[in-house]
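In case you want the letters, here they are:
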Amino acid sequence: MIDTPNLVDQYCHGVLRTELGLGTFEAHLGAQLGSRPDGSAARPAAGTTFFDTQTGFAVRRWCPPLLGLEPHCPPARYLARRRELGAAEAGRRLLRASGISTYLVDTGHPGDLTPPAELGAAGAAEVHEIVRLESLAEQVADTSGTVEALLADLAEAVHGAAAGAVAFASSAFASARAPEPPGPGEVRGAAGRWLAGRPAGGRLTDPVLLRHLLWIAVTAGRPLQLHTGDPAALNGFAAATAGLGTDLVLLHRYPYHRAAAHLTGLHPHVYADLGPVLAHTGARAAAVLAEVLERAPFGKLLFSSGARGLPELHVVAAGSFRAALTRVLGEWVMDGAWSRTDAQRVAAMIAAGNARRVYRLG
Amino acid sequence: MIDTPNLVDQYCHGVLRTELGLGTFEAHLGAQLGSRPDGSAARPAAGTTFFDTQTGFAVRRWCPPLLGLEPHCPPARYLARRRELGAAEAGRRLLRASGISTYLVDTGHPGDLTPPAELGAAGAAEVHEIVRLESLAEQVADTSGTVEALLADLAEAVHGAAAGAVAFASSAFASARAPEPPGPGEVRGAAGRWLAGRPAGGRLTDPVLLRHLLWIAVTAGRPLQLHTGDPAALNGFAAATAGLGTDLVLLHRYPYHRAAAHLTGLHPHVYADLGPVLAHTGARAAAVLAEVLERAPFGKLLFSSGARGLPELHVVAAGSFRAALTRVLGEWVMDGAWSRTDAQRVAAMIAAGNARRVYRLG
Amino acid sequence: MIDTPNLVDQYCHGVLRTELGLGTFEAHLGAQLGSRPDGSAARPAAGTTFFDTQTGFAVRRWCPPLLGLEPHCPPARYLARRRELGAAEAGRRLLRASGISTYLVDTGHPGDLTPPAELGAAGAAEVHEIVRLESLAEQVADTSGTVEALLADLAEAVHGAAAGAVAFASSAFASARAPEPPGPGEVRGAAGRWLAGRPAGGRLTDPVLLRHLLWIAVTAGRPLQLHTGDPAALNGFAAATAGLGTDLVLLHRYPYHRAAAHLTGLHPHVYADLGPVLAHTGARAAAVLAEVLERAPFGKLLFSSGARGLPELHVVAAGSFRAALTRVLGEWVMDGAWSRTDAQRVAAMIAAGNARRVYRLG
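Residue numbers (this note's numbering), protein chains in the order written: chain A, -12 to 349; chain F, -12 to 349; chain S, -12 to 349.
The hints are simulated quantities; they were obtained by calculation from the structure and are not laboratory data.
Careful, some of the hints might be misleading.
As the list claims (entries may be wrong) - To spell it out: a stretch of chain S is covered by chain F in this simulated footprint if at least three of its residues, at any positions, have a beta carbon under 8 Å from a beta carbon of chain F; those stretches are:
# : stretch
1 : 167 to 176
2 : 238 to 251
3 : 321 to 328
Being a predicted model, the structure only gives us computed values, none of them experimental.
Cβ atoms here follow ideal geometry from the backbone N, Cα and C, with glycine treated the same way.
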């Protein structure tokens, strides 16, 4: 048996405070399947339900027992029990049973989600904030009237945020693939166009400004978490940022987990997150974890839940991860491929130790 | 034990009527390995044979016992027995033992293959026709003298075919990636060039006309089966056709099965076929099926054989699929990851239920 | 139990002659993780070590017992024992225990590595040379003063080398993707620019000259080993060289092993190497081998170690490969998916027979 220590969840969001019906709960399951090209949420086809997915089945495996029900009970039965307890009490029971002792929380997602302190209190866990670069820039733009002010305020905001946050996160790699920082004239032009055309609260999608923002963050001394599709798009940026002292953590999308793991072996400052691939593959989590462990140096992998909205997703991620790690490493020990000591040590690294080192959690 | 009901084979072709020697049989095995860039059939290297493939080994596993021989007997022995029975009787025995009760048959492939009714009679099965858009357009072009006539006849032919067929199929995504319908001027220009330069019986490969044809089919109210390589090429078309009421079924090529399955979770009207990846991986079918089940909603997956020419290929696909489904879902039930009830329900959906719903088979 | 005969290692390098400390040994483990965009060697992150990789664990599994130690003993203990024996004696013991009886050695890599004869003597094995096209061209350029001389000497050198070598190898597909041979004017221009701008010993990276070199090699009648990333880049070159009598062997990079295996089924003259994917996935070698065996005709796969510098890498590759082959084929026999006779025959083909046929090793 391989033990896993208390987990550090290196990337997640808060949970919803409201009571949830079947439809809303299902919509949050669907959001785990991935992002559509236009950013909108996935919907189930007529005659189908997102409960009929690995994530849905995993929720029904791991969560009902924590609320006093049988595993795999029907979704309606589970949600009735959840409402009976109330969202707050149910969340408290779920989070405290997850085995996660530290949450790193991305606070840049819209929606009425618990802030870090409230998530930590509910889960009896340590919390740290991850600052989403795009959200920070949008807040800055709300109060900056000129290009000069915007650019100065952006730099100040990023460096200021670095004092209180453990990491930055960005989805810029969806649109900004050029590895080098943009020139000052290019940045000024883009900033002017953004300010001029921006409605109140408008989102930042300009690729030049996103790139500029990434490069400010690279100088701010905190690890930078990057949402990517195919991690090959990041190879150039990884090469350009080598040796600058800032670690890059790939929050990669399924099915690119092998390519992301491979990349961590090539660049000393590149790490890979396990969340989006393990948490939502349910019965297949052990198989996917084994693939990630093929080529990544074991010091470069970090557990996360990637959970958003439902505490059930924190539970499922942690449960699937622990079961997968125990099974995969346990089999390798049984085969004589790994020693038990090494397996135990690697389990502790991926579960918590690597994150403690990269984010200097002490 | 997970049971699978009688299968709906949602994409296949007819079988050859002639007696087959070793060389012809082997050529049909090779055709299962995939299409070469120029569309020509694969040939074995000197000193090798296509019997030494997973498909070849799977034929030797599943088929000899159905004709009264030992599994894995030599190919020459098997083919001798097949000729002894005659192609018709051998085909009848093979198809009836396959466990497939409904065939959806693409009739647009050249070659002397049994038409749907004959395949159904041989297999004692229900049959439905899939109309290949390219073949339909080529037939229309044979009798349309002007651009105006061609375009009017194309639309009429597609809508007319929709009355008798359960689905359309197309390989247009090999060449036509732009998601939007082409403009009328563009279409007229392409039609004119095609008519002017077309020899009798000439194939349709013009990307503008192919795109035009796809968009006519989108309005005809039947599911559209799309042969694709990397399904990422289809993301834009999927977004452009969302909400129009026409389902897209990805007939994806190996090794893109995970990406295809993932896509079905993002778009309500996108489905994935299991045929080309499961039927020709033999001893690996369970492993590949497990990968497909990682991220696809279970209501979005459809069994098919993809078989063409040899009834052995229908048998191998069905046998490999049933064995794989039983093994994969059975293990998940044993592990406690899935309930037995859910496993049985999902097996029935993928084997037949999803296809019955999507193609309205009643 | 499936037996594997003595192995033909169809692609490797020599080993270092010097005594190795922990840091140098670790650097050679890191080199197995892959090439960075600029060609430089990977370095471990602070707080991590390349011993904590599948390759590192596999070395500690397979090698210490060959030098009289316990498996999985600490790296420092192993290296102390290695120095105690001396690099030559340790290398001799390791290589002779590997089960490799024939080495095909790429001699074009810089560094003080044992030449083929010395490797063969150490390992009591047969050796053959693989000529690296780029190195050959660079040697020719060192002594050719004019464009005319360079081009004539290149052709002569390649055809001359074909007399003594069993194969050519090239990394040209990193930069030269156009499938067709370049025109004479284009080649002359590129040759002139290279000669004019080339420092003494300068590397060949011009894509036109690389392409020219590949096409000379295609006419020289020896198999051509091509280092590739995504083998899809090679589809056009494979089509253009079909029927010319020269085999192409894909030395593909992780994680493209399924795509490479698939390609071997489409082109009679295309083969896939197993080395870079199996040798460095350690406890996962059986799983990766099983993936390669999904679609490749079994006559198209070739074992190699891809080892460079450390005889431990030859040992790990051979040990992982034999264990993987025995496990994967053995399970298929147990399941009834393959016959024992077929499994034994396929094992012998991949381990040695295919390489003997392709390289005409007699």
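Here is how each hint holds up against the structure:
Coverage of the stretch 167 to 176 of chain S by chain F is violated [criterion: at least 3 residues with CB-CB distance below 8 Å; count 0]. Taking a C-beta to C-beta cut-off of 8 Å, the stretch 238 to 251 of chain S contributes 3 residues in contact with chain F, enough for the three needed, and the coverage statement holds. As drawn, the stretch 321 to 328 of chain S meets chain F at 6 residues by the rule of a beta-carbon pair under 8 Å; at three or more, the given contact holds.
Hint compliance for this structure: hint 1 is the single one not met.
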